[in-house]
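> Line order of the protein sequences matches chains A and B.
In terms of numbering that gives the first Met the number 0, the first sequence has 89 at position 90, counting the first letter as 1, and numbering is strictly consecutive.
In terms of numbering that gives the first Met the number 0, the second sequence has 51 at position 52, counting the first letter as 1, and numbering is strictly consecutive.
Among these hints, one or two may not hold up.
DSS-like mimics (lysine-lysine), calculated; alpha carbons at most 25 Å apart, straight line [stated by the list, open to error]:
{"hint": "1", "chain 1": "B", "residue 1": "K112", "chain 2": "B", "residue 2": "K26"}
{"hint": "2", "chain 1": "B", "residue 1": "K112", "chain 2": "B", "residue 2": "K70"}
{"hint": "3", "chain 1": "B", "residue 1": "K66", "chain 2": "A", "residue 2": "K29"}
{"hint": "4", "chain 1": "B", "residue 1": "K41", "chain 2": "B", "residue 2": "K231"}
{"hint": "5", "chain 1": "B", "residue 1": "K144", "chain 2": "B", "residue 2": "K231"}
{"hint": "6", "chain 1": "B", "residue 1": "K207", "chain 2": "A", "residue 2": "K4"}
{"hint": "7", "chain 1": "A", "residue 1": "K29", "chain 2": "B", "residue 2": "K144"}
{"hint": "8", "chain 1": "B", "residue 1": "K231", "chain 2": "A", "residue 2": "K29"}
{"hint": "9", "chain 1": "B", "residue 1": "K231", "chain 2": "A", "residue 2": "K4"}
{"hint": "10", "chain 1": "B", "residue 1": "K41", "chain 2": "B", "residue 2": "K144"}
{"hint": "11", "chain 1": "B", "residue 1": "K41", "chain 2": "A", "residue 2": "K4"}
{"hint": "12", "chain 1": "B", "residue 1": "K66", "chain 2": "B", "residue 2": "K112"}
{"hint": "13", "chain 1": "B", "residue 1": "K144", "chain 2": "B", "residue 2": "K112"}
{"hint": "14", "chain 1": "B", "residue 1": "K66", "chain 2": "B", "residue 2": "K144"}
{"hint": "15", "chain 1": "B", "residue 1": "K26", "chain 2": "A", "residue 2": "K29"}
Computed far set for chain A versus chain B, every beta-carbon distance over 10 Å [stated by the list, open to error]:
{"hint": "16", "residue": "Q9"}
{"hint": "17", "residue": "L19"}
{"hint": "18", "residue": "T89"}
{"hint": "19", "residue": "N102"}
{"hint": "20", "residue": "R161"}
Computed footprint of chain B on chain A; a stretch qualifies when at least three of its residues, placed anywhere within it, have a C-beta under 8 Å from a C-beta of chain B [as the list claims (entries may be wrong)]:
{"hint": "21", "segment": "21 to 29"}
{"hint": "22", "segment": "36 to 48"}
{"hint": "23", "segment": "76 to 85"}
{"hint": "24", "segment": "103 to 113"}
{"hint": "25", "segment": "117 to 130"}
{"hint": "26", "segment": "170 to 179"}
Hints listed in this document are in silico derivations from the structure and should not be mistaken for laboratory results.
No residue lacks a Cβ here, since even glycine has one placed at the ideal position from N, Cα and C.
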Amino acid sequence: MSQLKQTPSQTVGPFFAYDLTPTQYGYDLKSLFTTVLAQPNAKGEHIRITGQVFDGAGQPILDAMVEISQPDASGQPVTSVADAQAKGFTGFGRCGTGTLPQNHFLFDTVKPGIAAPGQAPFINVCVTMRGLLVHTFSRIYFDDEAAANSQDAVLASVPAERRATLVARREMTGTGPVYRFDIHMQGEQETVFFDL
Amino acid sequence: MTTDLQNTYLAPRDWASHSPHIYPFYKSTLLRGPKQPLLPIKQALAQLTAPVYGTEQLGPLDHDLTKNAVKNGEPLGERIIVTGRVMDEDGRPVRNTLVEVWQANAAGRYVHKMDQHNAPLDPNFLGAGRCMTDGDGRYTFMTIKPGAYPWGNHPNAWRPQHIHFSLFGDYFASRLVTQMYFPGDPLFAYDPMYQGAPADSRELMVAKFSLDVTQPDFALGYVFDIVLRGPKATRFE
């Protein structure tokens with residue numbers, strides 16, 4: 000069969016929120032995806048992931064959208080709505096950077112399990128924004144998984160001096176563990192983006 | 000045929016069809032597009048599942064933007080039908096997949112609180128819609144033709160009329176965010192987003208007028224097909 004050409008990507012623009020993240024931004028439409036991946040009954044360690052998206056001038060970006068996708072605490076993907084309801088875990092989150100102080104994003108989730116032998120636990124990330132003509136993919140690894148990280152083939156394929164851009168830093172707070180993961184679109188700390 | 004997700008990868012992004020990350024004519028790309036080359040990795044589709052959602056999460060009017068936000072009457076402007084098929088590169092339908100759309104109203108004004116364009120809001124129009132594709136990969140929206148609007152990229156800059164689309168397809172990595180344009184728009188030549196795409200791919204973002212889709216005495220019809228990356232079995236091909 001003849002190959003069709005992929006439809007070109009275009010920027011999400013500055014005005015996506017009333018469709019893609021309406022509840023978060025206070026519009027009269029129910030969000031299909033939220034910042035909460037894990038309900039209280041979800042198995043595993045409940046964690047928060049938060050950070051900012053910075054432009055090449057070091058300024059936090061106020062109109063980016065961050066999406067994350069991850070397996071559950073045992074490393075299994077969420078396969079259906081019924082599966083998500085049974086687990087109390089959706090496996091997918093979406094957050095705009097236009098509502099929280101200093102343009103943070105945040106997700107309430109569980110720490111993912113190892114999805115396949117030889118891999119470290121990680122979360123898939125998709126970032127899009129005004130001024131980005133093609134969305135970018137990245138990964139969140141965890142700084143308290145040093146042993147697993149050292150065995151991970153994808154992390155090993157990243158130049159050593161850039162690996163830290165993919166590793167979230169754990170802090171304990173009064174409300175539980177919080178991982179800090181900033182995304183730098185450019186500059187000396189430019190986040191590693193994958194062509195996957 | 001079921002796909003063996005542990006041994007299957009997604010067809011790569013065809014960069015000949017997409018814009019560069021840095022495109023100086025579109026000024027915001029200068030500080031926001033990554034400058035380092037992307038790092039290619041192969042990830043089995045088993046770990047790239049799309050988010051789960053079901054039709055039960057959609058409202059009955061989510062696909063009809065002429066009705067889903069009415070307060071005291073019908074939205075103003077030209078009613079249009081936008082329909083098309085979501086396919087992979089081999090022409091296989093992408094079934095039961097979510098299509099999210101958003102747009103300006105007929106006057107070229109977005110509901111978004113940050114839109115400062117001096118054009119009227121329409122109390123009966125939100126400009127947000129979503130639906131699922133059917134068994135043939137087909138989606139259909141009823142809406143109002145969006146207006147063109149000015150923006151600050153360069154002096155006298157105007158965006159061509161367009162509707163924003165967001166899709167995942169079957170996988171997290173088949174994600175596509177794009178914009179649908181209308182045929183023959185005189186603003187194409189001056190628009191950095193449209194021009195950012197390679198010349199031989201731009202028309203893929205332009206809907207086709209269809210008299211077959213047009214409903215007599217009611218609404219003009221446009222067809223906009225969307226092609227996503229599809230699975231490629233690596234072991235047997």
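> All hints are to be evaluated individually against the structure, with a verdict given for each.
To see whether the hints hold, each was checked on the structure:
1. B:K112 x B:K26: Roughly 22 Å separates the two Cα atoms, so the pair holds.
2. B:K112 x B:K70: With Cα atoms ~19 Å apart, K112 of chain B and K70 of chain B stay inside 25 Å; holds.
3. B:K66 x A:K29: 16 Å, holds
4. B:K41 x B:K231: OK: K41 of chain B and K231 of chain B at ~12 Å, within 25 Å.
5. B:K144 x B:K231: Not OK: K144 of chain B and K231 of chain B at ~37 Å, beyond 25 Å, violated.
6. B:K207 x A:K4: 17 Å, holds
7. A:K29 x B:K144: 24 Å, holds
8. B:K231 x A:K29: 35 Å, violated
9. B:K231 x A:K4: 15 Å, holds
10. B:K41 x B:K144: 41 Å, violated
11. B:K41 x A:K4: With Cα atoms ~21 Å apart, K41 of chain B and K4 of chain A stay inside 25 Å; holds.
12. B:K66 x B:K112: 21 Å, holds
13. B:K144 x B:K112: 21 Å, holds
14. B:K66 x B:K144: 14 Å, holds
15. B:K26 x A:K29: 33 Å, violated
16. Q9: 4 Å, violated
17. L19: 6 Å, violated
18. T89: 7 Å, violated
19. N102: 13 Å, holds
20. R161: 8 Å, violated
21. 21 to 29: holds (count 6)
22. 36 to 48: violated (count 0)
23. 76 to 85: As far as the segment 76 to 85 of chain A goes, the hint holds, because 7 residues have Cβ atoms under 8 Å from chain B.
24. 103 to 113: violated (count 0)
25. 117 to 130: It holds: at least three residues are needed, and the segment 117 to 130 of chain A offers 6 whose Cβ sits within less than 8 Å of chain B.
26. 170 to 179: Check failed, 0 qualifying residues.
Hints 5, 8, 10, 15, 16, 17, 18, 20, 22, 24, 26, counting from the list given before, are not met by this structure.
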